[in-house]
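Trainee: Same order as they appear, the protein sequences are chains A and B. Positions 1 to 337 (our numbering) are the ones given, in order, by the first sequence. Positions 1 to 128 (our numbering) are the ones given, in order, by the second sequence.
Hints may be right or wrong, so weigh each one.
To be verified - Straight line, CA to CA, 27 Å or less: simulated BS3-like cross-link-like pairs of lysine-lysine: (1) A:K113 - A:K79; (2) A:K79 - B:K110; (3) B:K110 - A:K61.
Claimed, not checked - Now the in silico label distances, taken between C-beta atoms and shown as ranges: (4) B:V96 - A:K79: 43 to 53 Å; (5) A:I263 - B:R45: 53 to 63 Å; (6) A:R37 - B:A123: 58 to 68 Å; (7) A:R27 - B:F100: 50 to 60 Å; (8) B:F100 - A:R82: 21 to 31 Å.
Don't read these hints as lab results, they were simulated from the structure. Everything numeric in this text was worked out from a predicted model, so none of it was measured. C-beta atoms are modelled at their ideal positions from N, C-alpha and C, and glycine is treated no differently.
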Amino acid sequence: MLQLLAVAAFVLASSSAVFLAVLVGRRVSLASREVERAELRARLIPVALELVDGEGVPSGKLSRREEEALADALGELSKLVRGDARARIAGFFAGSASLRHQLAALSSRRSWKRATAASRLGDMGSPTARPALRDALRDPERDVRAAAARSLGLVGDAESAGEIVEQLADGRLPRGLAAHALLQIGPAALPRLRELTGHPDEHVRAVVLKLLGHAGDSSDAARAEQALVDPAAGVRAAAAEALGRIGTAASARRLRVALGDRIGFVAAAAAEALGQLVDREAGPALAALARGGGYDVARAAAQALGRIDPDGLRRTAALDGAGPHLSEAADLLALDA
Amino acid sequence: MSDGERLPLVLAADDDPLILELVQFRLERSGYRVITATNGDDALRLAREHRPDLAVLDVMMLGLNGYEVTRSLRADEETRDIPVILLTARVQEADVSQGFDAGADDYLTKPFSPQELRARVQAILGRR
């Protein structure tokens, strides 16, 4: 019995020692790989900087590891630069082994590998990756879709704008990330966004109107004005918000009508937009709402009045029965002064 | 005085080392001497010590931010004339006007074009 216990103890001790040795070996190997990686990076950053600066491609044949380190350095730099510098990075990666490797990784069974590849392809900025990234935008994993959307924004892929908007509207993509991608695509996305103002899903219509408010111009005002009578309140509010940025004199007339919307947040958005447009004709209606409207509407109306006619607001706020919202708006004006 | 000492001196401050390398690389290639800082406090200290001909400051830095460093430079008789270019990821109109209110001469939004940075630096130093 004692002998058996001794053998068991020996086996246990030996296997622990082997396990420990494997762990230490692995740790040492990872650390040395990390050191090698840091050295390579330090050596290749100047090469990457020269390449970004347009001083030619690296001379001599790079090893596979050097190529990977250079690709990583350029990927990091691509997030920091735009214009010619970014075009040069895309040019370097076009047809490269790194690009092919990342495209292949988009089909990996592991979702983190697909997400990493989708993200790196955006950093590489190569237009040839667009079709594969559009496919990745329909990946079952949210992280992969998000990485693909970010990258499609970086490469300015207008064709994916519709899909990004739909996924933004139904929550399949993080809102901030999707909106940023669409804004990065910029004017090229506008034709598709304009088409989507007639989308059957009210959430898509609302998102599109908000984006047109940021990326569109006064030629989009008529679309937003029409949306002020949309059956969905969220769409009407988004239209008012957009008109605050891109509206014209004609838009102000429609927004004055929207002050009477039966839904409070729509009327509040209209009031805010009239303030942004500095529509003096809206003054009396805003003053009336600021005194007697619901909380959000009255607050928005009072603050809009402050933008349109600061002196008038101060006078009105000083009158008896002006109410809390006019007083608050006047206090805010005093703070800003 | 050596040739190197006659070259205009630019102070670059950003908490991202890669941005600093990029700015330093581009400006040195364009014939400037560059000193760098990775936070706002060091940037202010270096500006007082070296009196650079121009400062390129990131807005969002550890310690003092770019606006605060600019305000401090403007408040000091010795450093008030140093032109400042703010490098910012913030592109809202209010952020830009906050930069000018603090006393900045120009701003560039990230991601930025290194050539554009060089052109802006050259334009400001050329005016002096």
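Trainee: It remains to establish, for every hint, whether it holds in the given structure.
Mentor: Verification of the supplied hints:
1. A:K113 - A:K79: 20 Å, holds
2. A:K79 - B:K110: Holds, at roughly 9 Å.
3. B:K110 - A:K61: Since the Cα atoms of K110 (chain B) and K61 (chain A) sit roughly 33 Å apart, the hinted pair is violated (cutoff 27 Å).
4. B:V96 - A:K79: 43 to 53 Å: Because 22 Å falls outside the window, the suggested range is violated.
5. A:I263 - B:R45: 53 to 63 Å: Given a distance of about 56 Å, which is inside 53 to 63 Å, the answer is holds.
6. A:R37 - B:A123: 58 to 68 Å: 40 Å, violated
7. A:R27 - B:F100: 50 to 60 Å: 52 Å, holds
8. B:F100 - A:R82: 21 to 31 Å: 22 Å, holds
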